[in-house]
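Asker: Here is how the chains run, residue by residue.
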Amino acid sequence: MRKSVVVYTLDSCVKCLKCIRACPVSALTMNSQNRIEIDGDKCLNCARCITTCHNKGLLGQGSTLEDIKNYDYTVCMVPPALINVCSTKQEADEMMYAIKKLGFDEVVDISPVYGQIMNEYFNLADHYVEATMITSFCPVVNRYIQTKYPMLLDNLAPINYPSEIAAKMLRKKYQEKGNVGIFHCCECEALLELSKYPYGNMQYETDHALAIVDIFPEIRKLLGKDKCECVYNLQGLQSVNPSMILQKDNYLIADGFEKITNILDLAEFNMLDDFKLVYLFACINGCVGGHLLFGNSYLYRNNVYPLTKNESSAITDLSFDDIYSDFISLNPDDKRSFKEKMAFFAKVNEQLEHLPGYDCSACGLQTCRIMAEEIAKGNKQLSDCHILSSVKEKQNETK
Amino acid sequence: MNSVIHEEYSVAQYDFANAGKASSSIKEHLKQLGVDPQVLRRIAVACYESEINLIIHAYGGDIILDVFDDGTIQLIFKDEGPGIEDIEKAMTPGFSTASEKARSMGFGAGMGLPNIKRVSDEFDIQSSSEGTTLTLRFKES
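Chains as they are written, first to last, in the working numbering: chain A, 1 to 399; chain B, 1 to 141.
Since the hints were derived computationally from the structure, they do not count as laboratory data.
It cannot be assumed that every hint is accurate.
[Unchecked claim] With a straight-line cut-off of 27 Å between C-alpha atoms, the simulated DSS-like cross-links for lysine-lysine are: (1) 248/A / 100/A; (2) 31/B / 148/A; (3) 21/B / 347/A; (4) 69/A / 309/A; (5) 31/B / 377/A.
Remember, predicted model here, so these are calculated numbers, not experimental data.
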């Protein structure tokens, strides 16, 4: 059972059901106490439910700065998305200093790792891979493919997350410092999951994930005091910013959840065969539009220009073994025979005919189809449908 | 053989705005059913190509999906003309009779029928001036 990053924080809900309907994978339900429950095994961490809630009832949290104390030596990784927010080099350098002053021994701009990965995508797509390759940058996109589009798993680039690759590299670099703690400033909820804490995912190399919005008030107090130099890697800053990635006739670059859904649907029909590289971001404006950053991403997505006007540092030079990773299907193999699957499907369809089909979510489930599945499994009854029961009540009254 | 799932869709000629909608719906249903991803990929590709054929070559037509209890998934594409003049020629990669309008929208490259045949487990095509019936079958597992 996977622990979901998104948690429900209210005692009771106004029951607008917007979050349930916003979920692309039907991970949210409302229980009988009118509280929202999130199925961690299904959740993509896309934060669509968080942004639709008017009452701030849902959120994803990172580790706290208190955790710094548990290590002999601490390193904080700063992603290119956060550097993209700064409009001048001065601003970026001051921010790096402020982050270090939060209590870290070292602060590292990991843009060069992002830059190498983007280059690797281009290289694989241009020279090595026959089929259309889908980037594996965005954890939301990967999870979406792993759960909803298993047909496209083979098309995912076999490359690990930049934060993981950087964390491994840094752990090696600082191995003589004793108990090293690697922290990651995260620009979105999905990245919060890619570390050991706070969600207990021990398979990752990063130790703690920090939400940028949570630490930003502290960072602000320390701005303007001194500088700590950023590396300003052009490719790294471009790689998370879809409007800045170099276009080619056979590259397809898209951002935003609706767009990537359309694109993945087309890919399943082999309609993207003319494209060598499909570069996808779940958020509008890519990682620069990450939900844990501040402000409107359209304001700073062009900052790459002032930040890299005169020069760019080199990208990292890690071996393919260092950056390689495989993506497997998250749908556990269905042990049912085809006959059993068909019998269940027919049962669901039969129940579906009794339901009103409004997909109103009033029962706490996203669609009538999911309700029909729950009835077929024996977890719910037709009388749990609010529409059906209110119609019945009315009929009884008139009698 | 009993048909466990039976669905029908109709497709209109030159309805490019809705091109692929029937295939998307069929794909979604077969996903919900739990068809093996590798088999479903082939079905999706064949279904999409054939649906486009109904739109650009025929005067529209119908798509009939049946899933039989022995695990056979059958798709029938039926139209009422104009029919394929020379089926053998139509099966040659690169041969196309698509209109300028269709080609300008990126359809009609002449790979349709050969591709459909390549991905299908069973392929049958019957055509006369009264119409064409294309029957495709896929075996789950």
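Asker: Measure nothing beyond the straight line between the CA atoms of residue 31/B and residue 377/A; if it is 27 Å or shorter, mark the hint as holding.
Answerer: 18 Å, holds
Asker: Given the proposed pairing of residue 248/A with residue 100/A, does the C-alpha separation stay at or below 27 Å?
Answerer: The hint is violated at about 38 Å.
Asker: For a C-alpha distance cap of 27 Å, please report whether residue 69/A and residue 309/A respect it.
Answerer: 39 Å, violated
Asker: Verify the proposed pairing of residue 21/B with residue 347/A, using a straight-line Cα cut of 27 Å.
Answerer: 25 Å, holds
Asker: Going straight from one Cα to the other, do residue 31/B and residue 148/A come out at no more than 27 Å?
Answerer: At roughly 9 Å apart (the allowed maximum being 27 Å), residue 148/A and residue 31/B satisfy the hint.
Hint check: violations occur at hints 1, 4; the rest are consistent with the structure.
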